[in-house]
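Residue numbers (our numbering), protein chains in the order written: chain A, 1 to 630; chain B, 1 to 204; chain C, 1 to 96.
None of these hints come from the bench; they were simulated from the model. C-beta: ideal position from N, C-alpha, C; glycine also. Relax, there's no trap hidden among the hints.
The calculated label-pair distances, taken between Cβ atoms and stated as ranges, are: (1) B/E63 x A/W604: 34 to 40 Å; (2) A/V627 x B/T156: 22 to 28 Å; (3) B/I153 x A/S17: 37 to 43 Å.
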Amino acid sequence: MAVTTEPQAPSRIPGGSGVWSWLTTVDHKRIGLLYGTTALVFFIVAGLEALLIRSQLAGPDGDVLSAEAYNQLFTMHGLTMVFLVIMPVAAAFTNYFLPIMIGARDVAFPRLNAFSYWLFLFSGVMIYSSFFLGGAPDGSWVGYAPLSEQITETVRMDFWAIGLNLLGIASIASSVNFISTVFTMRAPGMTLLRMPVFVWMSLVVSFLLLFSLPAVSIGLFQLYFDRNFGTLFYVAQASGDPLLWQHLFWVFGHPEVYVLILPAMGIVSEVLPVFSRKPLFGYPFIVFSGAAIGFVGFGVWAHHMFTSGMGPVAEAGFAIATMIIAVPTGVKIFNWIGTTWGGRLRMDTPMLFSLGFIAMFVIGGLSGVTHAVVPADTQQHDSYYVVAHFHYVLFGGAVFGYVAGAYYWFPKWTGRMLDERIGKWHFWIMLIGFNLAFGPMHILGLNGMPRRTYRYPDGLGWEFWNAMATIGSFIIAVSILLFIYNIIKSKRSGAIAGPDPWDGRTLEWTIPSPPPEYNFAEVPKVNSLDDYWHRKYAEDEEGRLVKMEPVSGGALAVDEAKTGGEDDDPASGIHLPSPSYYPALSALGIVITGFGLVMLPVGWFFVGVGAVVMMWGLFGWSLEPVVKEH
Amino acid sequence: MTAVDAAGEFRKVNDDDTGEHDVGPVRKTAMWVFLGSEAIFFGAMIATFLLYRNTTNDGPGSEIFDIPFTSASSFVLLMSSLTMVLGHHAYERRDMRQTRIWLSATALLGATFLAGQIFEFTEFIHEGLKASTSPFGSAFYMLTSIHGAHVAIGVTLLLAMVILAFQGRLFPDRGLNVELVGLYWHFVDIVWIVIFTVVYLLQV
Amino acid sequence: MAEAAHTGSPTPKLYWMIALVLAVLTAIEVSVPYIDALDSVTVPLLLLLGAIKFLMVVGFFMHLKFDRPIYRNLFFIGVIGALIIFSVVLLALQAF
Numbered sequence: 001m002a003v004t005t006e007p008q009a010p011s012r013i014p015g016g017s018g019v020w021s022w023l024t025t026v027d028h029k030r031i032g033l034l035y036g037t038t039a040l041v042f043f044i045v046a047g048l049e050a051l052l053i054r055s056q057l058a059g060p061d062g063d064v065l066s067a068e069a070y071n072q073l074f075t076m077h078g079l080t081m082v083f084l085v086i087m088p089v090a091a092a093f094t095n096y097f098l099p100i101m102i103g104a105r106d107v108a109f110p111r112l113n114a115f116s117y118w119l120f121l122f123s124g125v126m127i128y129s130s131f132f133l134g135g136a137p138d139g140s141w142v143g144y145a146p147l148s149e150q151i152t153e154t155v156r157m158d159f160w161a162i163g164l165n166l167l168g169i170a171s172i173a174s175s176v177n178f179i180s181t182v183f184t185m186r187a188p189g190m191t192l193l194r195m196p197v198f199v200w201m202s203l204v205v206s207f208l209l210l211f212s213l214p215a216v217s218i219g220l221f222q223l224y225f226d227r228n229f230g231t232l233f234y235v236a237q238a239s240g241d242p243l244l245w246q247h248l249f250w251v252f253g254h255p256e257v258y259v260l261i262l263p264a265m266g267i268v269s270e271v272l273p274v275f276s277r278k279p280l281f282g283y284p285f286i287v288f289s290g291a292a293i294g295f296v297g298f299g300v301w302a303h304h305m306f307t308s309g310m311g312p313v314a315e316a317g318f319a320i321a322t323m324i325i326a327v328p329t330g331v332k333i334f335n336w337i338g339t340t341w342g343g344r345l346r347m348d349t350p351m352l353f354s355l356g357f358i359a360m361f362v363i364g365g366l367s368g369v370t371h372a373v374v375p376a377d378t379q380q381h382d383s384y385y386v387v388a389h390f391h392y393v394l395f396g397g398a399v400f401g402y403v404a405g406a407y408y409w410f411p412k413w414t415g416r417m418l419d420e421r422i423g424k425w426h427f428w429i430m431l432i433g434f435n436l437a438f439g440p441m442h443i444l445g446l447n448g449m450p451r452r453t454y455r456y457p458d459g460l461g462w463e464f465w466n467a468m469a470t471i472g473s474f475i476i477a478v479s480i481l482l483f484i485y486n487i488i489k490s491k492r493s494g495a496i497a498g499p500d501p502w503d504g505r506t507l508e509w510t511i512p513s514p515p516p517e518y519n520f521a522e523v524p525k526v527n528s529l530d531d532y533w534h535r536k537y538a539e540d541e542e543g544r545l546v547k548m549e550p551v552s553g554g555a556l557a558v559d560e561a562k563t564g565g566e567d568d569d570p571a572s573g574i575h576l577p578s579p580s581y582y583p584a585l586s587a588l589g590i591v592i593t594g595f596g597l598v599m600l601p602v603g604w605f606f607v608g609v610g611a612v613v614m615m616w617g618l619f620g621w622s623l624e625p626v627v628k629e630h
Numbered sequence: 001m002t003a004v005d006a007a008g009e010f011r012k013v014n015d016d017d018t019g020e021h022d023v024g025p026v027r028k029t030a031m032w033v034f035l036g037s038e039a040i041f042f043g044a045m046i047a048t049f050l051l052y053r054n055t056t057n058d059g060p061g062s063e064i065f066d067i068p069f070t071s072a073s074s075f076v077l078l079m080s081s082l083t084m085v086l087g088h089h090a091y092e093r094r095d096m097r098q099t100r101i102w103l104s105a106t107a108l109l110g111a112t113f114l115a116g117q118i119f120e121f122t123e124f125i126h127e128g129l130k131a132s133t134s135p136f137g138s139a140f141y142m143l144t145s146i147h148g149a150h151v152a153i154g155v156t157l158l159l160a161m162v163i164l165a166f167q168g169r170l171f172p173d174r175g176l177n178v179e180l181v182g183l184y185w186h187f188v189d190i191v192w193i194v195i196f197t198v199v200y201l202l203q204v
Numbered sequence: 001m002a003e004a005a006h007t008g009s010p011t012p013k014l015y016w017m018i019a020l021v022l023a024v025l026t027a028i029e030v031s032v033p034y035i036d037a038l039d040s041v042t043v044p045l046l047l048l049l050g051a052i053k054f055l056m057v058v059g060f061f062m063h064l065k066f067d068r069p070i071y072r073n074l075f076f077i078g079v080i081g082a083l084i085i086f087s088v089v090l091l092a093l094q095a096f
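Based on the provided sequences and hints, a complete structural model is requested.
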């Protein structure tokens, strides 16, 4: 560990404490922490939903849940995990680290950044309020028409349609923000091809969201209008085409899965080199394959529709495109293996989760390739085989990757290390529980067990593996409890980390833990990829690492003893954007309006109130200066 | 200060180490990014209309269109792009009087277009085409109404800027500035160019 | 303020001329569907005229012709993406 002299206890997160300081913050680091904490809470909620589902399916003829309750639970589990957990977790990491990794002080639009967070939080709360207002959405997270249109006596699927649209606005705002940041705010010398892979993946994800969300947004509006205003977009009896829904949904839905996985791949690409003490193998290939996955990812959506009767031409076209996308994915796997090959590996927890990611994601990728074969998929579709596939890539893949990021970067956020022993228990228990829960689902699916059904009868041969899967899910729960315990304990009394506990390669390790509000006292000047590493180490004639003398002056020699001082304050002369309550206010107005649209005709009152609040927020926002006079 | 490095890539160099950046290109970059996504948004609605262009059930179809009338209102919107760019040009020269005149003209033309849309819709409803009549009706009204909502937002922004101009508070470094609103306004115009061609003229 | 000096920037006179061209193109466009002799080429002709108007407004009024390439790229990725994706959707739904 590269801790130098006796370090002080880490300073408090700068920017003041108290609810108001968090409500009005425009600091990307605080916003990142807000996203991460909120996502963790939703993760626990969605996990509880999963445990209820698994309890119902533990044995045949389950009677833990009614069909009505079951439908709400599996719908909300999917919706929550995708939109309220994985996406916000990625947003948390991107928010916190993208500016720092490119040497910037914040994102391009700090207030818009805050707005995205509050819109996410308020929309999530609004969607969950449905449990108390007639029931939660129950038409599956993909909401296929015509089923999603047919039940209008309850407003459950209106919560879903409006809620997803609101979340989409938050994501589009984030995407505009991050793209603008990357294209205009990189530090001197930070060319695009010197940016860390994590930043590249965040950029690709921003483009994916930007161009896919509008399609589903229109689909959702059309669905909402069909449900509430008598339009006929998906009404087959009036010659509407329900398949239009499927296309519009999956044009978004497929790029969305790459949105979920690419940041995790970016994190793994950061962790592996540090814990192998070797540079990332084939950096340009990893970058371009990430971009290729994003690009080709826009061309495969109808592989979710192989059983919808599109005809052989469409099916063959999308099958081939789906097979093609395995290629850049494979390139990444080989590059990661190449990174660890011959390295001096340190098997700390971030590394364990990253290696676990690779193994689990490969399994999930293989089942995905079998889906690409149309006749095989025709059997697999709507069976538990699909459930196995996407949990391997999204849990074994994305979740493992984001947990790796949490262990890797917790020291930077808090100034303390997460406990290694607990971390290793967490890893192994989670790995075992996960495989026990989802491995058998491949078998269940091929043995004919359908998805989204609340109960199965005795005698079909599904009992044993369902019981195993349920046990696995509870083992996962134990591992999550360990994780939470680790976080709480370490925040309070973990080992002091210092700025660079892992001997890292990228710019976030050059600043204190936690970082000051302005990130860098002086904007760094970057000379190469992994610039920080090359300032720390040179190579001798035999290619061995030689530690260099610390460079005096400049951003890269932060004297920790000085960072608390007032008169020596490097921050004098740095003007940061002022806090503002208008982003939260605007977000609140929009969500109230959305809530009103769900609850029509009573809801028109809320639409009015929400519109007024929103206009107040937006006009106040546009008229206030970015940096207020003190 | 901008710099182009050896690779010929554009990137921003901070002028000083206060971390501030030239807001002009940043906001403009953001607006173009946003307009790229709006292209998909309207593309989805236009595609829906094309799918349902003949799904009229027993109700009216494209024969209900009054091409001369719509041509006139299309012309009005097209000319509003001219007044908008003249307003921007005046603002660049800080001729605030001309700016106010041209921005007001743009808002007026936009409002005229909207009035034309409302008139057109009430006529169509009279003649038996509602959003609930057929998928054709649903697709037509959704596309043109959401476009109209975009125009209405634009008119609101234009009027807000005229008021700010009267108060001497119209600055180029705020979010609500002439160049950005201009880009938004022109975009709304080019969407209508596509709609007029695809929805109206191609269905004749 | 924003951008540094750009060469070849349009003047008001040019804007008026472009508006005139747009008006003329619109007039032509409106008459095309009514000219029976052009029936076989109505669709491509209308699409072409619409595209020209679109590009003129984007290039001159929105200044894209004179601005940084990044703006053009960002915008046209969206436009071309929309064209391709929705063409595929419509083909898959047998809309033609």
